Structure formats: structure tokens, C-alpha cells
Amino acid sequence: AQSVTQLGSHVSVSEGALVLLRCNYSSSVPPYLFWYVQYPNQGLQLLLKYTSAATLVKGINGFEAEFKKSETSFHLTKPSAHMSDAAEYFCAVSGFRGGSQGNLIFGKGTKLSVKP
Amino acid sequence: GAVVSQHPSRVICKSGTSVKIECRSLDFQATTMFWYRQFPKKSLMLMATSNEGSKATYEQGVEKDKFLINHASLTLSTLTVTSAHPEDSSFYICSARGWDRGVSNYGYTFGSGTRLTVV
Chain C
90 AQSVTQLGSH
100 VSVSEGALVL
110 LRCNYSSSVP
120 PYLFWYVQYP
130 NQGLQLLLKY
140 TSAATLVKGI
150 NGFEAEFKKS
160 ETSFHLTKPS
170 AHMSDAAEYF
180 CAVSGFRGGS
190 QGNLIFGKGT
200 KLSVKP
Chain R
-15 GAVVSQHPSR
-5 VICKSGTSVK
5 IECRSLDFQA
15 TTMFWYRQFP
25 KKSLMLMATS
35 NEGSKATYEQ
45 GVEKDKFLIN
55 HASLTLSTLT
65 VTSAHPEDSS
75 FYICSARGWD
85 RGVSNYGYTF
95 GSGTRLTVV
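Just so you know, the sequences run in chain order C and R. Numbering follows my numbering, with no gaps: position 116 of the first sequence is 205. Numbering follows my numbering, with no gaps: position 5 of the second sequence is -11.
If you're looking for bench data, these hints aren't it; they were derived computationally from the structure. Do not take every clue at face value.
Just the calculated beta-carbon pair ranges, DEER-fashion [what the hints assert, rightly or not]:
1. ALA142/C / LEU10/R: 20 to 30 Å
2. LEU107/C / PRO70/R: 40 to 50 Å
3. PHE23/R / LEU109/C: 19 to 29 Å
4. SER(-1)/R / ALA142/C: 41 to 51 Å
5. THR66/R / MET172/C: 36 to 46 Å
6. LYS204/C / ASN35/R: 41 to 51 Å
7. GLU71/R / TYR128/C: 19 to 29 Å
8. LYS204/C / ARG(-6)/R: 22 to 32 Å
9. GLY45/R / ILE149/C: 33 to 43 Å
10. GLY105/C / THR66/R: 49 to 59 Å
11. ASN35/R / HIS99/C: 34 to 44 Å
12. ASN130/C / THR66/R: 16 to 26 Å
13. GLN44/R / PRO129/C: 22 to 32 Å
Straight-line alpha carbon distances no greater than 20 Å define the calculated SDA-like cross-link-like pairs of lysine to any residue that follow [to be verified]:
14. LYS25/R / VAL100/C
15. LYS25/R / ASN130/C
16. LYS197/C / SER27/R
17. LYS158/C / LEU109/C
18. LYS26/R / GLN134/C
Computed from a predicted structure; not experimentally measured. C-beta: ideal position from N, C-alpha, C; glycine also.
Make a model of the complete structure from these sequences and hints.
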């Protein structure tokens, strides 16, 4: 079974401050991990993904995440927040079973607010 | 990059009528399509998974006779909400996974979502 836990349903930072959104996963198979961003009334946009290559993954818009197997974590960071980063962020996990990649399992999401 | 076009973006329908939502993969072959439902301020709930040419697999608690899914081609999947009721009002999102120039894309490409309001 797989699951994702996002710590903090709401994170607020000041513009220019570090963004840290936490994600811990549970998976019985080697996981693939994803971070998505969702703006109001829109679909999900992929920020970055970990697919068993480099453990430090760089994504779009200056975001990056580090896969830490020992901590079962995949936290999302950005050195300097921008007003346009305000959105809902979802961490997700999938894995292979029998050679077939399963569906995404989503965390509950973290709403990021950026204060001027 | 991979693009999934979802239509309509918003629809308002009367209670008892049916609504069809389309998702098209524009530049890749979507061998698998996932349909999600998202309640306000909530995460995405997987409704069903469909593989091209096969019957959809529905998640527990999802009525397959109410939410009809068709995935007849590698570029098109549809979700039809039959006999819609106000409690079906929600945000529906499709997600496609497939092959691009012979390479499986391990990511999932999402449509832009459909806001359904049943009055």
C-alpha cells in the first residue's frame, strides 16, 4: 500500500523567504514521487518528479525536492518565495507493481500563502 | 511537452440531465486515463482508471452506472455523469499517462478540470 502525508495544510511565508513544504511517503515498492501545483479552478501542473535517478530533483519555477529514503521524505523547497507561488501544492506517490505503474496517490495538499 | 485538453471547463446543468466531459491527449498516446473528483479544499479522489479499449476500473464507492467512462481511442476519454444531482456538483479532473515517441512518460499529465454545477 502507498500513502502520502503532507504536514501542514496551510503554510504562510513572506515574499523572498524560504519555502518548505513537507511530504512523507509510505510505499511497499520503490516509489516514484511527484509535486504538483494547482491554481484556483485549474488542473494540476507538474513541478518535479523523482523516478529513481538523482535524489535531488530540480523542477520548474525554482523549486526543488530531495528524496531521502532513510526519512521517507520528499520535501519541496524554494529559496525565495514569489507572490506568484501562492497556490495549492500536492505531493503524490506511485509505484510499479508487476511491471505496471500504478495510479497516483495524493496527499491532502498544502496551501501556500505569500505575504508582501 | 505532453498536453491534455479537457472540455468543458465549466458546465451548469439541470438535475436529472446528463453531462459529458471530454479529455484529449494532444501530442501523445494516452494508454491510461485517470478520472479524479475534487471537493472544495480537499485533495483529489480517484474515481476510476481506464485503459484504452478496456472497461474502466472503478474505485470502491464510485457508481459505475452513474459515472460512465469511455476510452475508445488512444487520444480520447470521456466521463458522462448520468442523471446528475446537486450532490454531483464538483471539480472533475482527468489525467493521462502514456507513450511519447516510444518512451513511457512516467509522469501524469492533467487536464485543466471541469467545474460541474447541478441546479
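Cross-check of the supplied hints:
1. ALA142/C / LEU10/R: 20 to 30 Å: holds, 27 Å
2. LEU107/C / PRO70/R: 40 to 50 Å: holds, 43 Å
3. PHE23/R / LEU109/C: 19 to 29 Å: Holds, at about 27 Å.
4. SER(-1)/R / ALA142/C: 41 to 51 Å: holds, 50 Å
5. THR66/R / MET172/C: 36 to 46 Å: holds, 43 Å
6. LYS204/C / ASN35/R: 41 to 51 Å: Between LYS204/C and ASN35/R, where Cβ atoms are some 45 Å apart, the hint holds.
7. GLU71/R / TYR128/C: 19 to 29 Å: holds, 26 Å
8. LYS204/C / ARG(-6)/R: 22 to 32 Å: Holds, since LYS204/C and ARG(-6)/R (Cβ atoms, about 31 Å apart) stay within the stated range.
9. GLY45/R / ILE149/C: 33 to 43 Å: holds, 35 Å
10. GLY105/C / THR66/R: 49 to 59 Å: holds, 50 Å
11. ASN35/R / HIS99/C: 34 to 44 Å: Distance hint for ASN35/R, HIS99/C holds at roughly 37 Å.
12. ASN130/C / THR66/R: 16 to 26 Å: holds, 24 Å
13. GLN44/R / PRO129/C: 22 to 32 Å: Between GLN44/R and PRO129/C, where Cβ atoms are some 29 Å apart, the hint holds.
14. LYS25/R / VAL100/C: The hint holds at about 14 Å.
15. LYS25/R / ASN130/C: With a Cα-Cα distance of about 11 Å, the restraint between LYS25/R and ASN130/C holds, given a limit of 20 Å.
16. LYS197/C / SER27/R: holds, 5 Å
17. LYS158/C / LEU109/C: Roughly 18 Å between the alpha carbons, so the hint for LYS158/C and LEU109/C holds.
18. LYS26/R / GLN134/C: Given that 20 Å is the threshold and the Cα spacing comes to 17 Å, the pair holds.
Hint compliance for this structure: no hint is broken.
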